[in-house]
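Q: Put chain C on the given structure of chain Z with help from the hints.
Letter by letter, the chains look like this.
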Amino acid sequence: MNAVEIRNVSKVFNAGRPNAVEALVDIDLTIEPGEFVSLIGPSGCGKSTELRLIANLLEPTTGEISVNAKPARQARLDQDYGMAFQQAGLFEWRTVTKNVELPLELKGWDKERRRARALEMLDLVKLSDFADHLPWQLSGGMQQRVAIARALAARPSLLLMDEPFGALDEMTREHMQAELLRICAETSTTVVFVTHSIPEAVYLSTRVVVMSPRPGRTKVVIDVDLGAERNVDTREDPAFFRKVTEVREALRGMPIGGPDDMALEP
Amino acid sequence: MRRSPRSIFQAVWPPVVFGVGFLVVWETAVKVFDFQPYFLPAPSAIWAEFQQNTTLIWDATKVSGLNALIGLLVGTALGVSMSFLLARFRLLNDLTTPLAIGLNAVPIFVLVSVFNKMFAITSEVPRRLMVTLVVYFIVLVNVARGLREVDHTQLELMRSYAASESAILRKVRVPNAVPYLFTALKIAAPAAVITAFVSEYFGGSQNGLGSRIVSNISISKNAAAWAYVLGACLLGLTFYLIAVALEGVATPGGVGSRGRDGS
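Those protein sequence lines, which keep their order, are chains Z and C. Residues in the first sequence are numbered from 1 upward in steps of one, following this note's numbering. Residues in the second sequence are numbered from 1001 upward in steps of one, following this note's numbering.
One chain only, chain Z, in its complex shape (with noise of 0.2 angstroms):
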């Protein structure tokens, strides 16, 4: 059973109007279970609006999506997925642990395991001590944690990420992709994960989707054959600067600028 199949998929904003923008065109991509695959382009390449219709946020166009065999929207439905964006999203007027409770909430759970869950989800990202903190009292670098227990809660097989770490420094993001990939060792999870920075697509990825703008569509599929596990010395490897440079040469070229993925959306 494939984590996502997606077939054929094509995607115009405001179709048979004068605005109308073609977004992504003529898409396939399957991802297997576990595997780590990054969607990587300049602005307006649609990689955003790619994880937004595997998240059945938006309905494509034409072709078809199915996320664990099922199509998106009942996978949707079944909390199938779990999604972190850029800002973490968290509610301020709930605290760490009842903010990883949310999804929880709205699947029925009743209240003393969800409260367990959401504890061995801050465990699991190392915020325990701040279990009953606001979301205002903690660092951009642990509120994304929040917002990634969160997504993992309900122990999804897969995660939607949108530039998660985009708004954090260099060494705090650094330490975040660490983190994520021993997370996602130990829930096995698979990601497919939405980003700008080279380095962080191949430290991260077993595949690399290299995308290219207007009309948004795959150029390359590069596959990122570092090995399982990844360390501080992964990113001194040579390895990792070839793989580095051969994304960074597949997106040599490419108009840069242009309008924003998130302004597309209608």
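Honestly, I wouldn't trust all of these hints.
[Unchecked claim] In silico DSBU-like links for lysine-lysine, alpha-carbon gap of 30 angstroms or less: (1) C:Lys-1171 to Z:Lys-111; (2) C:Lys-1031 to C:Lys-1221; (3) Z:Lys-98 to Z:Lys-126; (4) Z:Lys-107 to C:Lys-1171; (5) C:Lys-1171 to C:Lys-1186; (6) Z:Lys-98 to C:Lys-1171; (7) Z:Lys-98 to Z:Lys-111; (8) Z:Lys-70 to Z:Lys-219; (9) C:Lys-1117 to C:Lys-1062; (10) C:Lys-1062 to C:Lys-1186; (11) C:Lys-1171 to Z:Lys-126; (12) Z:Lys-70 to C:Lys-1171; (13) Z:Lys-107 to Z:Lys-126; (14) Z:Lys-107 to Z:Lys-70; (15) Z:Lys-98 to C:Lys-1186; (16) C:Lys-1062 to C:Lys-1221; (17) Z:Lys-126 to Z:Lys-111.
If you're looking for bench data, these hints aren't it; they were derived computationally from the structure. On a predicted model such as this, the values are computed, not experimentally measured, just so you know.
A: Just chain C now, kept in the frame of chain Z:
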């Protein structure tokens, strides 16, 4: 959020010194320039009047205060209910927004005269209606914004959880609107008091703070009029402080006053 006695003292002494200094300058100016009582009475004279007429001022305060309170409660209830309806039915929102803008442009106090014609001459209802109307708009505008202007990421998250509209309302929109409601109340509470006694300038029973101020001025008892102004000031301040205290109870830790994370 607890503050040490020392920091409270540091926050309090500058305005206290300023206030006392202001009163001293006022008192001295009246003495030195020999202002006549009909022009500007001295603070000491106003204070004397205030002490002499405590019972009368208290009675007038109760009348105006009750009008303000009833208007505040009814106006808040109506404003909150209407903002929920507007959040639920977009069409209603589109229909009523121009009307609300139009009504806001009416110099609102002229309506008191209209209301006075509708009810008995001794009725307090026109004044309460007036307060209700003023409070209603303040609460409606703010709470409707709180229900509507929800963080985009939070909405996408809720949709990714397949949350129903009613779950989004309960778990996101309502909590999001709570700080907006208290912001509205902090504006509306003193405004209710001001409206209650300005409404008294337009006729009706001569029993509230506003009408006492007018009648005392008309017989040149300026110091007495100022004593009633002092009463009105204390009443408005009380309303405001109650609104602030309620906010503290409802949003412990100052959640409402904080900005969002990163967005």
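Q: Now tell me if each hint is right for this structure.
A: So, going through the hints one by one against the coordinates:
no., hint, result
1, C:Lys-1171 to Z:Lys-111, "holds, 16 angstroms"
2, C:Lys-1031 to C:Lys-1221, "holds, 19 angstroms"
3, Z:Lys-98 to Z:Lys-126, "holds, 16 angstroms"
4, Z:Lys-107 to C:Lys-1171, "holds, 14 angstroms"
5, C:Lys-1171 to C:Lys-1186, "holds, 24 angstroms"
6, Z:Lys-98 to C:Lys-1171, "holds, 11 angstroms"
7, Z:Lys-98 to Z:Lys-111, "holds, 11 angstroms"
8, Z:Lys-70 to Z:Lys-219, "holds, 27 angstroms"
9, C:Lys-1117 to C:Lys-1062, "holds, 24 angstroms"
10, C:Lys-1062 to C:Lys-1186, "holds, 21 angstroms"
11, C:Lys-1171 to Z:Lys-126, "holds, 26 angstroms"
12, Z:Lys-70 to C:Lys-1171, "holds, 28 angstroms"
13, Z:Lys-107 to Z:Lys-126, "holds, 25 angstroms"
14, Z:Lys-107 to Z:Lys-70, "holds, 19 angstroms"
15, Z:Lys-98 to C:Lys-1186, "holds, 29 angstroms"
16, C:Lys-1062 to C:Lys-1221, "holds, 22 angstroms"
17, Z:Lys-126 to Z:Lys-111, "holds, 22 angstroms"
In terms of the numbered hints stated before, the structure departs from none.
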